[in-house]
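Model the full structure from these sequences, guided by the hints.
So the chains spell out like this:
Protein chains: 2
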Amino acid sequence: MALQAQVLYDFTAEPGNHELSIRQGDTITVIDQTVGGGWIEAQDSSGRTGLVPEGYLQVIGAADGAGESRSGGGASVTNAAEGWSHQGVANTQQADVIDYDDGEWDDDWDDQSEAGSRGYDQVEEEGGAAGQSTNGSTMKISLNRFPFHKGPSAEVYLLAKAPADSRERLPVFIGEVGPVWLYPSAPLDCLIADPKKESKLYGLKSFIEYQIIPNTTNRPVTHRYKHFDWLYERLLDKFGSALPIPALPDKQVTGRFEVDFIKMRMEQLQSWMTRMCRHPVVSQSSVFQLFLTHRDEKEWKTGKRKAEKDETVGPMIFSLVETEAAELDAINVEQKCEHYSRFTRSMDDGVRELLSVGHTHWKRCTGPLPKEYERIGRAFKNLSTVFTSSGYPGEETLTDALTVAGQTYEEIAELVAQQPQKDLHFLLETNNEYRGMLGCFPDIISVHKSAIEKVKESDRLVLAGKITNGDKKFMSQRLSGMSYTLQAEMNHFHSNRIYDYNRVMQLYLQQQATFYQQIADKLRAALNQFTTL
Amino acid sequence: MALQAQVLYDFTAEPGNHELSIRQGDTITVIDQTVGGGWIEAQDSSGRTGLVPEGYLQVIGAADGAGESRSGGGASVTNAAEGWSHQGVANTQQADVIDYDDGEWDDDWDDQSEAGSRGYDQVEEEGGAAGQSTNGSTMKISLNRFPFHKGPSAEVYLLAKAPADSRERLPVFIGEVGPVWLYPSAPLDCLIADPKKESKLYGLKSFIEYQIIPNTTNRPVTHRYKHFDWLYERLLDKFGSALPIPALPDKQVTGRFEVDFIKMRMEQLQSWMTRMCRHPVVSQSSVFQLFLTHRDEKEWKTGKRKAEKDETVGPMIFSLVETEAAELDAINVEQKCEHYSRFTRSMDDGVRELLSVGHTHWKRCTGPLPKEYERIGRAFKNLSTVFTSSGYPGEETLTDALTVAGQTYEEIAELVAQQPQKDLHFLLETNNEYRGMLGCFPDIISVHKSAIEKVKESDRLVLAGKITNGDKKFMSQRLSGMSYTLQAEMNHFHSNRIYDYNRVMQLYLQQQATFYQQIADKLRAALNQFTTL
Chain X
1 MALQAQVLYD FTAEPGNHEL SIRQGDTITV IDQTVGGGWI EAQDSSGRTG
51 LVPEGYLQVI GAADGAGESR SGGGASVTNA AEGWSHQGVA NTQQADVIDY
101 DDGEWDDDWD DQSEAGSRGY DQVEEEGGAA GQSTNGSTMK ISLNRFPFHK
151 GPSAEVYLLA KAPADSRERL PVFIGEVGPV WLYPSAPLDC LIADPKKESK
201 LYGLKSFIEY QIIPNTTNRP VTHRYKHFDW LYERLLDKFG SALPIPALPD
251 KQVTGRFEVD FIKMRMEQLQ SWMTRMCRHP VVSQSSVFQL FLTHRDEKEW
301 KTGKRKAEKD ETVGPMIFSL VETEAAELDA INVEQKCEHY SRFTRSMDDG
351 VRELLSVGHT HWKRCTGPLP KEYERIGRAF KNLSTVFTSS GYPGEETLTD
401 ALTVAGQTYE EIAELVAQQP QKDLHFLLET NNEYRGMLGC FPDIISVHKS
451 AIEKVKESDR LVLAGKITNG DKKFMSQRLS GMSYTLQAEM NHFHSNRIYD
501 YNRVMQLYLQ QQATFYQQIA DKLRAALNQF TTL
Chain W
1 MALQAQVLYD FTAEPGNHEL SIRQGDTITV IDQTVGGGWI EAQDSSGRTG
51 LVPEGYLQVI GAADGAGESR SGGGASVTNA AEGWSHQGVA NTQQADVIDY
101 DDGEWDDDWD DQSEAGSRGY DQVEEEGGAA GQSTNGSTMK ISLNRFPFHK
151 GPSAEVYLLA KAPADSRERL PVFIGEVGPV WLYPSAPLDC LIADPKKESK
201 LYGLKSFIEY QIIPNTTNRP VTHRYKHFDW LYERLLDKFG SALPIPALPD
251 KQVTGRFEVD FIKMRMEQLQ SWMTRMCRHP VVSQSSVFQL FLTHRDEKEW
301 KTGKRKAEKD ETVGPMIFSL VETEAAELDA INVEQKCEHY SRFTRSMDDG
351 VRELLSVGHT HWKRCTGPLP KEYERIGRAF KNLSTVFTSS GYPGEETLTD
401 ALTVAGQTYE EIAELVAQQP QKDLHFLLET NNEYRGMLGC FPDIISVHKS
451 AIEKVKESDR LVLAGKITNG DKKFMSQRLS GMSYTLQAEM NHFHSNRIYD
501 YNRVMQLYLQ QQATFYQQIA DKLRAALNQF TTL
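Same order as they appear, the protein sequences are chains X and W. Take the first sequence: its letter number 377 is residue 377 in this note's numbering, and every next letter is one higher. Take the second sequence: its letter number 274 is residue 274 in this note's numbering, and every next letter is one higher.
These are computed hints drawn from the structure, not numbers from a lab.
Identical copies go unnamed one by one, so any copy, or any two together, can satisfy a pair.
With a Cα cut of at most 25 Å, we get these calculated DSS-like pairs of lysine-lysine: (1) LYS381 x LYS422; (2) LYS456 x LYS472; (3) LYS161 x LYS449; (4) LYS422 x LYS263; (5) LYS449 x LYS473; (6) LYS197 x LYS301; (7) LYS422 x LYS371.
Next comes the structure, spelled out in structure tokens:
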């Protein structure tokens, strides 16, 4: 009994990678779900086999029917099981059975094969959905974002009470700049280090393990990329309606072939974790604390299961808001929301523009420009060689100096080629992070707008007998609370933005000045080799 | 009676310029020879009319038959008259008559129309043959080079006596570096200045006149481009077998649309004249002195006619050599000749390589690179504008600094775009001059090689009774003298080369260092606008 899956999106195979091209609407047969790294081996109707991204598929006739209910949102094979967790295809050697037993999941999850036919790439990409776009907002986000594909409507979450059994609160204070989060007295931070390639099952399955050391406990915990991915999913589910939860790093900015990939990924995971640590709400959440400070495998697994059962996710997060500030009316809320919407959109445009020219500049500085300086250098050196053959007495000063000038331009070529890694890299990475965050705002703004709309029509709802006057009042209070979270979040965003851009611009300009200074100095040294006329 | 001309080369009309496409072998009808600037209006067999370059045509059945005798060398309409002078198409309003009367020539020559339908381009190009290649060696050179298309064979010039009536001598001394020319005690120099657009015939004909002021008389003489061209032709005829006489400037190096053309041409004429002034043989020749120091129109015209009748041209120049140095045998001469041949060829390669990368670099520095810096600057400024709209208090320091950073990159864009004119320009011009000179050596070397061959077979010639033993001895002496001129010339070339490359490399590196220093300083100033973190 072979398992069938429907193709949700077109996928074009890359030659030589044992991939299979599939078209939206095709029905394919799943051959091997244990390939790992987001890939499944499948067979198409004409009998060809190859790897396809599991996120592009939807299992037909899955046991609990959950796949069906989410087809509008493009649910993937991995999301077909209950609880939105990431286990998806269980690691059974019987390819035609999917094991949905949650109790078995942890082990299976860790044991998925990540080596195999896709080699190094596969190790690198573990946990990252293949076919992700590189614009920072992965497909996974748009498929899984709670507010729009699952979870209560604006009406429901505006009226929902905070869970009785939860001690979680989302306090908003009024500070100098307006509504602000409650910042911890000692900021959380963590260091990611020591990436190690680990393998299981006699080397058949390999992956990278990172050490993460939080400044609070100073005790390292070990995580794989897919654990980060799990954390990301949890944070997105829980906070995504109120806070920008940027996607995890994928193959971005500088290209995977230009720097050591593992180092780059670690650097990017570090940036992502640092940003999460800096967020007062995220960093203090139990799921984030679990990730950083669990003491053993048992605590980690228990906490993980608990986090996956968290019900205060999506817009329900707003039920946790607590503030002493005066209630805002819908008009006021709408104005603020519009302002933030405009700001984040124009900043997104600005950041994209900078990234675009930055990438162009990167290519030029690492490609044609140094080649040209090298050619100039070589031309000087060649002339020097020719001149040396003249047999004319006493031109050693010139020929030596010409050689030095040639070497200088060859050195300049190297400087030019290496420079982007020293400055442009950080400018692009920072802007890339911001593009990731800014890409989250449309959804956040949208949750707010639908709440504003609901509150605006609450009079009509009362008249229609759908809600009581008390409900209406409660909805208005809830909307006000939502607005305070948005304002607190924007103020957090602004203060971070000012800090980050100040820092990265200084680093960029400092490095650029040093770079040009070095070239000027080199040229002067070369100049000094020539005889003064 | 319409004048017919045969088309020597294909010419493709440029759209919108009233030009006429013609094919080699076509017969066309000359309509108007008074267009000027190297152009003729013609009609093809299908009745279409338009401008064609006169150098591409050969008059059919010209009165004196001179055109016929030179058809192998591709003689042009302008060269169809006796004496190789540049009068060509006489300026008569009767289009069907060519006036070959030398007595009329001077006036006609100066009166050729250069304005008309081709506007500014026409003024610029006066005297330059249209369709010239831009590689520094114009078609005119290869067509007219004496040794190969006219003039005596190696045998003849090796035996020729110096003209009895000439007081010209070509003395070669032995200096520290070997054979050297006789250098004048005070080096000649001249300044070209004050280009003026002049017109005749009520503005119908216009041209540029330059003032040339030699340092010997300090008295300005006035010349048009075509006078320079005449001088070039005379020098080439007279010295071309012994010395490199580089072509006059044409549209080279930086492109005519990038800088003011007249200024550029004047600069290039200045370089050419400076180089000629620096040459001890050229600068002391009567034709060169005439050009620089004639006191009035009459002296100029008389001198001009005399120069055109000079018989010591082509390899006959070697009959003037005078040296006290010991006679060199053919083997020795051949070795030196081979060495110079190799050197000039490899220097030609080196210079071409530098010019090639220089042109590529020029394009990048004036095109995409500054555009990119401008985009970076704009991106910073845009971000600053967006940030200003945040409404978040206290970020003026950042937004102001970001604006300054943006402006800085816009200024860098300008610096980058302007820089080539300040340094690369001179590097390219110098190398261009050298390419022009180096392009003359193959012909010079070739004259020497054919003389060497003749001397080598002189024993056989004596046996065959073609020459006497006295002739053989004389030929060997003459060859030795030729070798001394080549050595003197190469030593002159080397000492100039060392001077020129020393100078231009220093200028280039100095300007480059200043350029990068300026950028570094600007970036540091921008950096200082940011708050220290």
